[in-house]
Amino acid sequence: MSEVPSVPPADPSSSADAPTPPEGSIMAAAPDPATAAADIKAGGMTIDPAVAARATAPSLEMRAITKRFPGVVANDHIDLTIRPGEIHGLLGENGAGKSTLMNILYGLLTPDEGEILLDGAPVVIAGPADAIARGIGMVHQHFMLVPVFSVAENIVLGNETMANPIFLDTHKAEGRIRDLAAQLGFEIDPDAKVGDLSVGIQQRIEILKALYRGAKVLILDEPTAVLTPQETVEIFQVLRRLAAEGTSIVFISHKLYEVLEIADTITVIRRGRVVGQADPKTATEEELAEMMVGREVSLVVDKGPAHPGDVVLSIDGVEVADDRGSVVVDGISFEVRAGEIFGIAGVAGNGQDEFVEALNGLRKTRAGTISLAGEDITNHSSRDLSERGVAYVPGDRQRYGLVLTYPIEDNLVLTDYYHAPFSRYGVIDEKAIAKRAAELVPKFDIRTPSSTVPASTLSGGNQQKVIVAREFSRPLKLLVADQPTRGIDVGSIEFIHKQIVAKRDAGTAVLLVSAELDEVLELSDRIGVMYRGKLVAILDGAEAEKEKVGLIMATGQAEVSA
Amino acid sequence: MTEPKTGWADKALALDASTTTGMIGGSRKRQFLVTVIAILLGLLVGAVLIIISGLIGPSQTLDLTLPITAYAAVLEGALGSPKAIANTLNAATPLIFTGLSVAFGFRAGLFNIGANGQLLIGAFTAAIVGTIAGIPFPIAMLLALVAGALGGAFWGFIPGALKAWRGAHEVVTTIMLNYVAYLLLNLLASSTFKDQGATFPRTPDINPAAALPIILADTRLHLGIVFALLTAVFVWFLLFKTTLGFEIRTVGANSSAARYAGIRPAFITVLTMSIAGALAGLGGGVEILGITKNYPAEFLVSYGFDGIAVALLGRAHPFGVVGAALLFGVMRAGAGNMQRQTDIPVDIISIVQGVILLFVAAQVVIERLLPRVRPKRREPTPASAAAA
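The listed protein sequences correspond, in order, to chains A and B. All you need for our numbering is the position in the first sequence, starting with 1, plus 2. All you need for our numbering is the position in the second sequence, starting with 1, plus 11.
Certain hints may be false.
Unchecked claim - Across the chosen pairs, the derived CB separations fall in these ranges:
id, chain 1, residue 1, chain 2, residue 2, range
1, A, Ala131, B, Ile63, 32 to 42 angstroms
2, A, Arg534, B, Gly365, 51 to 61 angstroms
3, B, Leu195, A, Thr454, 26 to 36 angstroms
4, B, Glu87, A, Ala135, 18 to 28 angstroms
Everything labelled a hint here was simulated from the structure, so no lab data went into it. Glycine is no exception: its CB is placed at the ideal position from the N, C-alpha and C atoms.
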């Protein structure tokens, strides 16, 4: 494996007379024939080893990295080459081995085989401190910031600039931080408390933290998962500037269109192996999805016309306040019928969360009535609602949907552990619970070696499938799905979408709430748009155009020229 | 809302469910290994201290075999004769009860520092009910024990209710209630309930029919240890085999998810604290009915605080608690013999106990010593990839 990327046999001069930057044109050969074949099949993915040779010297190379965990090869001879100033998109399903690879690069894990070359020289990365010292920085999906510390304190933490052996030189540190931020094209107040800042700003602090330590290679693990679309646009500008100044960036994401937009090169990993590389200029989302999943993936939801029946859910003038007491759901009224999917679109933070919580008994309403099949269920308890046939896929799966320390099988009965067959006379029947898990795990394609391992060991997509399996397997009248596919890979999204449509076709009323406009548009038979706590428009799903809905979401004006 | 309120104290103490349940997670085998290593390290540090105490003690000699002699003396004093074993088991008994009390709270994400006060209240109510004359043996005893459990339950209910409905942090309220219990009972036992014939202020002796019978001839071993072991089995069953236990553990592991699942965390908080109080109160009753036979006004015991140590060492598992309490019982009961035979002060044993706890609490340090079995991080997901 010493010649990765494969050096072309011909024309050594080509490296000299090709001054164009490597971005967007590197096509390193796939390391084994099987995956190379996959590339060709995927179409649009040309393999052009000649181009690889003329690239600038790689700043970072991972060669034949192999990492085995008990019972599984998480990384199987993975090669990855990252050049200076390149934004390298790393794609793969949850559990494909991306994070393992990055944890190896960051020194959190030791590879069983393979080597890492930094600027051409082999290195052994002993731990995160060593990685930082070698110029590798990592921004985790879940930020590692101290909320009560200031921006400057967070950035210098662990790498403090000292005025003398006792006191910090905060002044100098703050100056450097301002300079760094200015270089990247934004301003930051080094004195502000991190806990008071938005998620988007916090992420920039993480990036600054890495740069402050002299990072030349920056790993971003799903950086946009927690950002609003606007924040995503802004962070992309920052990343482009960083790359232009020579920093190499590894960009991990599930969102194919984002990777296509930002990356110069894309490497796709599946089941621990590199299955190919793609050129973001020519590749399409469909091709990338197919490479990731290993089969054709339908990015478009396949559903027939709805056959709406009786009204199941009726919302009439509902008002809900947030934790601070201000009214964030301001008199909403609509109905959802059996056999239809009613989608609520809206920019995050327009009252959707509070509304869904109130609907599911987790928050009290201020005014209005909620009825289920004609019966008033306003402010009824979660338990009562679930007994009446309301299933709820919560938006925050790790906070509400799962007990991460519990085994999968216990999570599969989290909302119906208390009645037969799972318990009798207050005593739990472990056999019945295990039997239930044995049914649901294969049926819902939950990928796990055993249903007795904690839910925390599952990837995000599989965690979501646990919730879906549990909530969809009860006798249902109404299904409330809040952000059902947030942060999960395309294969799992496709699966969950199919399940939702199947529930609709079986006569369940479905209320879908999603910040992903595409998801709402594709799934919904009718669409309501929420804006500042009001339902400003209800549109027919088949006729709603993306631009029009987007405009209503942004302005709250339903009466735009249509 | 029904979720327990979080007040300033929660933030100030930074003690929430994740803190108290942090030691519950992880694989059982691994936890056991870490605990055993912690105990061995504690004994090792103790050995160094014993050697030093030999150097600075009356003999002033460097004796590297002294730790072995000392530990052998502890074991002999604790397990060397039926009498010794009886004392060990009697010493472990109240610790099993208070350890179960604290562990039970941990499971619901509650830090019950108030086991001592709950034990005192239980001891007092058992002592008073035990004085009622004219009831035959098993009934009088059981009645007094029930009284002890109810007294403790009441003393646990108060902080539970304050937490559930007013958002007062249980660490603060239980600490304060420990003082209230001690001083209140001191007053009662030296006034209203004082035995007029006694030299020192104390309640009257209990009716012999209420006393826990001796179960091993020629020793002081009373029935308490049997109750303690049965209680441990009961707590295990309650926590792991019943729907109530499922609800308690769910609240402890993730109270938001518990609410989502239709569990009322406020109710569970009150119930858990009451049951925890009952367990400690039962321990108090057992101690009175088995050992002291009356409630002395100055009943200065620290079983409730030792119970925190026992619960931590036992990883908040009922059977772990029993093991930890027995270990502490051995150390307690054998320490005196060690001092008699080797002139090493008994306090060394307290230090060993402290060091063991330190290592249990700082399990990260020990996990560093176990290089090849580093805990898996959340994100490499071999599990999901394996099935893929």
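These are the hints, each one checked on the structure:
The beta-carbon spacing between Ala131 of chain A and Ile63 of chain B, approximately 36 angstroms, falls within the hinted interval of 32 to 42 angstroms. Roughly 58 angstroms separates the CB atoms of Arg534 of chain A and Gly365 of chain B, a value that falls within the hinted 51 to 61 angstroms. A beta carbon spacing of about 48 angstroms between Leu195 of chain B and Thr454 of chain A contradicts the range 26 to 36 angstroms that was offered as a hint. Between Glu87 of chain B and Ala135 of chain A the beta carbon distance is about 55 angstroms. The supplied range of 18 to 28 angstroms is therefore violated.
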